[in-house]
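*Asks:* Sequence:
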Amino acid sequence: MSMKKILIIRFSSFGDIVQAMGALPFIQSKWPHAKIHWATRDDFSDLVKLSPRVDHVWTLPSSAKGGDFKSLLELTRKLHQENFDLIYDAHSNLRSKLMKLILSQWGSKATMITRSKERLKRLLLFTFRINLFPKPYRGILSYLAPLGGGIGDFTHEKWTFPKSLSQSSADTTTTRIVIVPSAAWEMKRWPCDYFIKFILGLPKELPSRTFAYSILGGSSDHFCEDIAKACANSALNITVENLAGKLSLMESIHRLACGADFVLSADTGFLHVADLLGIKGIALMGPTAFGFPSGHTLKILESPSYLPCRPCTKDGRGKCSQKTYKRCLTEITPEMAIKATVQMLQ
Numbered sequence: 176m177s178m179k180k181i182l183i184i185r186f187s188s189f190g191d192i193v194q195a196m197g198a199l200p201f202i203q204s205k206w207p208h209a210k211i212h213w214a215t216r217d218d219f220s221d222l223v224k225l226s227p228r229v230d231h232v233w234t235l236p237s238s239a240k241g242g243d244f245k246s247l248l249e250l251t252r253k254l255h256q257e258n259f260d261l262i263y264d265a266h267s268n269l270r271s272k273l274m275k276l277i278l279s280q281w282g283s284k285a286t287m288i289t290r291s292k293e294r295l296k297r298l299l300l301f302t303f304r305i306n307l308f309p310k311p312y313r314g315i316l317s318y319l320a321p322l323g324g325g326i327g328d329f330t331h332e333k334w335t336f337p338k339s340l341s342q343s344s345a346d347t348t349t350t351r352i353v354i355v356p357s358a359a360w361e362m363k364r365w366p367c368d369y370f371i372k373f374i375l376g377l378p379k380e381l382p383s384r385t386f387a388y389s390i391l392g393g394s395s396d397h398f399c400e401d402i403a404k405a406c407a408n409s410a411l412n413i414t415v416e417n418l419a420g421k422l423s424l425m426e427s428i429h430r431l432a433c434g435a436d437f438v439l440s441a442d443t444g445f446l447h448v449a450d451l452l453g454i455k456g457i458a459l460m461g462p463t464a465f466g467f468p469s470g471h472t473l474k475i476l477e478s479p480s481y482l483p484c485r486p487c488t489k490d491g492r493g494k495c496s497q498k499t500y501k502r503c504l505t506e507i508t509p510e511m512a513i514k515a516t517v518q519m520l521q
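Residues in the sequence shown are numbered from 176 upward in steps of one, following this note's numbering.
By construction, these hints were calculated from the structure, which means they are not laboratory data. Among the clues, some could well be false.
[What the hints assert, rightly or not] Each computed DMTMM-like pair below joins lysine to aspartate or glutamate, with the alpha-carbon atoms no more than 25 Å apart:
#1 372 to 477
#2 372 to 416
#3 514 to 477
[As the list claims (entries may be wrong)] What follows is a set of in silico ranges between Cβ atoms, one per label pair, in the way DEER data are often shown:
#4 514 to 258: 51 to 59 Å
#5 480 to 394: 32 to 40 Å
#6 475 to 380: 15 to 23 Å
#7 394 to 475: 24 to 32 Å
#8 272 to 425: 27 to 35 Å
#9 179 to 517: 47 to 55 Å
#10 299 to 323: 24 to 32 Å
#11 510 to 423: 33 to 41 Å
#12 294 to 330: 27 to 35 Å
For every residue, glycine included, the Cβ atom is placed at its ideal position computed from N, Cα and C.
Whenever a hint applies, use it, and build me the whole structure from the sequences.
*Replies:* This is the structure:
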């Protein structure tokens with residue numbers, strides 16, 4: 176099937192867009208002569224533009240910026256003029272469905288492929304504890320499957336950053352580790368004292384190394400400063416820099432992509448960036464169902480106990496049913512993370 180122009184629709188959010196971008200190498204290899212366009216929310220346009228595989232990015236204003244049905248209609252009108260051969264709805268929400276419906280009514284001849292949210296399976300899992308999803312559920316692969324791709328089609332990516340972001344100088348004498356304590360929902364967060372024990376414990380296992388830790392997070396993640404302060408004035412050969420709230424999303428991504436030898440993160444957008452770009456690290460997988468990495472550079476750590484309640488949430492919302500709060504995460508000890516990190520760094 177000849178395709179000259181392809182549209183991918185994924186409006187949000189950070190982690191989901193990153194995982195959807197994992198399908199780009201496969202799309203380009205399957206239709207090497209096609210121009211690839213992407214429709215996303217305006218606050219994520221710079222993220223999509225990091226991929227040199229995307230030829231054009233179309234933006235929809237967020238609700239906070241006045242995004243409404245009128246703006247959706249205006250964008251759809253512009254897209255209709257492009258005469259796409261293939262439209263891949265990687266979001267499958269109300270807006271993307273309306274967009275496809277309007278395009279069809281206006282006479283679009285594009286082949287339309289939709290990534291299903293598999294709502295029936297979600298209902299069975301989160302209501303009746305019947306799990307029919309692949310185990311583990313690898314997010315990037317879920318974006319490849321509707322296009323005919325599989326695990327063998329996953330390829331690590333290289334992103335192109337704008338010149339406005341200064342390039343990090345390579346320092347072969349220091350091991351640069353990015354720490355991501357933050358997550359959109361508290362249920363996904365590894366305990367702060369565990370991060371502290373990891374930061375202070377790792378150098379003791381590798382005393383010949385110098386470690387530079389960078390902590391990433393948002394402006395409301397005040398606990399990141401608590402972690403940094405607890406590790407300050409250490410006699411160990413380390414530096415700990417709290418960058419939470421001090422960098423933009425793009426600057427944070429750049430810090431990870433160009434300034435990290437290793438990453439420690441739970442199920443977050445930054446974990447998916449590391450997965451896609453092939454950065455070594457530890458994935459702390461707790462209560463969530465759909466965030467497992469697809470590549471081989473991230474080691475997955477999980478609770479050693481069988482917990483029938485797990486996974487209990489798609490994104491970290493909800494309440495923990497265990498007597499020990501967040502048992503699925505607290506049973507992933509700092510010692511386990513340190514041991515795995517030492518093995519990966521040696």
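*Asks:* Tell me the numbers of any earlier hints that the structure contravenes, in ascending order.
*Replies:* Every hint satisfied by this model.
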